[in-house]
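Trainee: With these hints in hand, go ahead and build the complete structure from the sequences.
Line by line, the protein sequences give chains A, B, C and D. With the numbering used here, letter number 52 in the first sequence gets 710, and the count goes up by one each step, no holes. With the numbering used here, letter number 32 in the second sequence gets 690, and the count goes up by one each step, no holes. With the numbering used here, letter number 121 in the third sequence gets 779, and the count goes up by one each step, no holes. With the numbering used here, letter number 63 in the fourth sequence gets 721, and the count goes up by one each step, no holes.
No lab work stands behind these hints: they were computed from the structure. Note that the coordinates shown come from a computational prediction; the quantities given were computed from them, not determined experimentally. Among the hints, a few may not be true.
You can't tell identical chains apart in this list, so a pair holds if it fits in one copy or across any two.
[To be verified] Calculated pairs, SDA-like style, for lysine to any residue (alpha carbon to alpha carbon, straight line, at most 25 Å):
#: 1; residue 1: Lys782; residue 2: Gly830
#: 2; residue 1: Lys890; residue 2: Glu864
#: 3; residue 1: Lys896; residue 2: Glu803
#: 4; residue 1: Lys863; residue 2: Val885
#: 5; residue 1: Lys741; residue 2: Leu705
Protein chains: 4
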Amino acid sequence: MINVTVWNENRHEQKNPVVRDIYPEGIHGAIANFLGEEDIVVKTATLDSPEHGLSDDVLNTTDVLVWWGHLAHDEVADEIVEKVKTRVLDGMGLIVLHSGHFSKIFKTLMGTTCDLKWREADEKERLWVIDPSHPIVEGIGEYIELEKEEMYGEHFDIPAPDQLIFMSWFEGGEVFRSGCTYQRGNGKIFYFRPGHETYPTYYNKEIQRVIKNAVKWTAPTKRNRPVYGNAKPLEEIKAKN
Amino acid sequence: MINVTVWNENRHEQKNPVVRDIYPEGIHGAIANFLGEEDIVVKTATLDSPEHGLSDDVLNTTDVLVWWGHLAHDEVADEIVEKVKTRVLDGMGLIVLHSGHFSKIFKTLMGTTCDLKWREADEKERLWVIDPSHPIVEGIGEYIELEKEEMYGEHFDIPAPDQLIFMSWFEGGEVFRSGCTYQRGNGKIFYFRPGHETYPTYYNKEIQRVIKNAVKWTAPTKRNRPVYGNAKPLEEIKAKN
Amino acid sequence: MINVTVWNENRHEQKNPVVRDIYPEGIHGAIANFLGEEDIVVKTATLDSPEHGLSDDVLNTTDVLVWWGHLAHDEVADEIVEKVKTRVLDGMGLIVLHSGHFSKIFKTLMGTTCDLKWREADEKERLWVIDPSHPIVEGIGEYIELEKEEMYGEHFDIPAPDQLIFMSWFEGGEVFRSGCTYQRGNGKIFYFRPGHETYPTYYNKEIQRVIKNAVKWTAPTKRNRPVYGNAKPLEEIKAKN
Amino acid sequence: MINVTVWNENRHEQKNPVVRDIYPEGIHGAIANFLGEEDIVVKTATLDSPEHGLSDDVLNTTDVLVWWGHLAHDEVADEIVEKVKTRVLDGMGLIVLHSGHFSKIFKTLMGTTCDLKWREADEKERLWVIDPSHPIVEGIGEYIELEKEEMYGEHFDIPAPDQLIFMSWFEGGEVFRSGCTYQRGNGKIFYFRPGHETYPTYYNKEIQRVIKNAVKWTAPTKRNRPVYGNAKPLEEIKAKN
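Mentor: This is the structure in structure tokens:
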């Protein structure tokens, strides 16, 4: 049983009727719904809640945090970002979706600008599976096709992923590393590109399957954390002078 | 439920009473015994059986193959090696133990000599966990200590592992990449260093735990294999000339 | 001063007037010509020469070997392949071009099938730079555009590259890992996708620049080779029992 | 001709006569001296200079920055750290030495805590070469032995290095990833472990050779930086609805 918290900025849904029509329960609601079909306990949290819905208690009982943000990255409080980062390095899984590439939490964990090319032009995206042995693509075909999506193009300013799972082809001529894993400290991170707010991407069954698989993959490994700092020798050190 | 076949050369056990005393059921028997404690169906196979115990039927129903060999790598028939390789690239997990670094199957999958330094001197080995987030080290402490083992030292002539899980310290002054993962085709491979035949290494509970974890990690990802060869275009190609 | 040998199967040039018209001196001749503009000593070698032009003397004085083959991979003698492999693991650089993905030397160094999707349809290829810090892309823009090329598509059955330098977009809807580095033993390998025989790809100045850069990057690192085998302890091992 | 700036905190040298005796010109002076033997233009900069000696002009004309710090990481101004980070992502090489693992610049580029085990016990360190093909080990033997050094032990909380070059063995029983490369944005980073202030490590000729090699390896790749942000399509996007 995995405890997942789906965090969403939840601002487009307030401002834009197109988005509200597609996601009447919010993007977080849509994601929570399909995750709930699995052996997963799902909570949601949004920016405008106290502590953005990410109190110590919530964070400490979350195995995997899913993150969607776009308009209001700067409104996420630095101390919450720091707490989330500590939890990831301590073992909590993190799934960063789409425009979350520019979130404070992703940028601070990556150490790079996480910048990219982008375009909103109702164009076709095809996500090709690059690593067929990876659990994140269980049940997925050779590619996932999305009729209309926002384009994200290279160069994507991230560290070379520990594992590259998907590469996207875009109708307008670009490519993109669309599914990337990172292991940081005791935690596992998955960045997954699709999910622009004006398209029904999170209702796509294959996209849902990838996120479900990613929850399992990013779930914490159970072991005691390493000990840091001053250490007594395990073997005798000979006197030398 | 994972189907595991434990393959062992089973020659030291015939020739050397020291080894037979430690492993009266063979190294394969000892490994099969502790794997059987998990939700795993275990078979064993040995060099001197017809087809080395690795008939098409056995291979096709094996999810994860565990490999221990040393004295008689050259006696393993090339066509069996080729079948095992095909199965790995098709998705079967492979766990290569200790002196299996010089097996035909490991060398052909790595593409390098897989050579190393070695010494039999009853010396201490300490395997440090390098990647604390990896499922293969679930339940494992900061290091595993083995009072007496054979030394394997760098340079180990392997491709840089996709993930480096353990690094060994040896009393005599060397280090070694002792736990290495590789993803090849649709299959996952784990190389794990310890297990010289004259020491009771495979009775060590932490070593057992690592191998149990590795069975889960290398188990196949369920999906259709990619299609190769000539491909029709998915998009219109404009006439140019 | 780097010593390069450009090896070419040189069969299309004999059979197909289209290819001969594009490459009157052979693909090897075209590549040798532009490499000769740099501080590089260039030789060529072809399949139909004795020992395929790859005598011990040639191999031992070659710093970087460039490989183009397609129709006749099977005609390359296994013992020559073995010698080339030994030289690469001993430090010689290797640049594998285009259909060389299916050469014996590339497959044996990779350990996988190296299979892929392909199509000849006069379609556009755009190679995007993924790793802007890499010396292989010095002087190269954001992408290289080739008006007409053969398509190679994922899944490309190779080990995850040590460094992924280029990703291709194809007009017909596919993507491909087009520039991949591998370090194997003491040697460095670069696979570079473009160069179908019926297009003038090797006259493209940016393609030439990439291959020139790759020669410098794959050139051997000067040091003594590691020592393998039985090793005396560097530190005292305490008697235990 | 490469322009290097050697940055040193330069505090131990003021407070501790042991350190001053070993490094009468400061650690920065010692490093600058041996780098000056190569085709390198060397400057030095220290914490107590205005802007820590890292004005825009200095940073903009620096190809590779070498960083040594320990006691006073917190006194390095955040805005200078931000400028250095920007320069690294823009292409400047960065070599982080020893206790620089805890510098603000290294931690922000890595995204992790960069914590480790440590011990000052006059013990032996042996740095084994793991990647014999890498230019950073040109001219280096199988290992570098340092009679007395501070111990740094795993787990070292860093991202898995893009390339692992050295692994250290310590007399007291630990191991450590001692030479690690990272490519971030347009820049290349090398972390190199040895160099505790109370030992004459930077006079060791092999240590010097590694740092000289690393300067060449981290030197910028000459090309225009990628363009980010909104991008016009390169191909026609069909109207759909």
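Trainee: All hints are to be evaluated individually against the structure, with a verdict given for each.
Mentor: Status of the hints after comparison with the structure:
Both within a single protomer and between protomers do Lys782 and Gly830 lie at most 25 Å apart by alpha-carbon distance, with minima of 8 Å and 13 Å respectively. In the homo-oligomer, the alpha carbons of Lys890 and Glu864 lie at most 25 Å apart only across protomers (23 Å), although the nearest pairing inside one protomer, at 51 Å, exceeds that limit. Proximity of Lys896 to Glu803 under the C-alpha cut-off of 25 Å is restricted to the inter-copy arrangement: shortest distance 16 Å between copies versus 64 Å within a copy. Only between protomers do Lys863 and Val885 lie at most 25 Å apart by alpha-carbon distance; the minimum there is 22 Å, versus 42 Å within a single protomer.
Taking the closest pair of Cα atoms, Lys741 and Leu705 come within 25 Å of each other only inside a single copy of the chain (15 Å); across copies the shortest separation is 30 Å, beyond that limit.
Going through the hint list in order, the structure satisfies each hint without exception.
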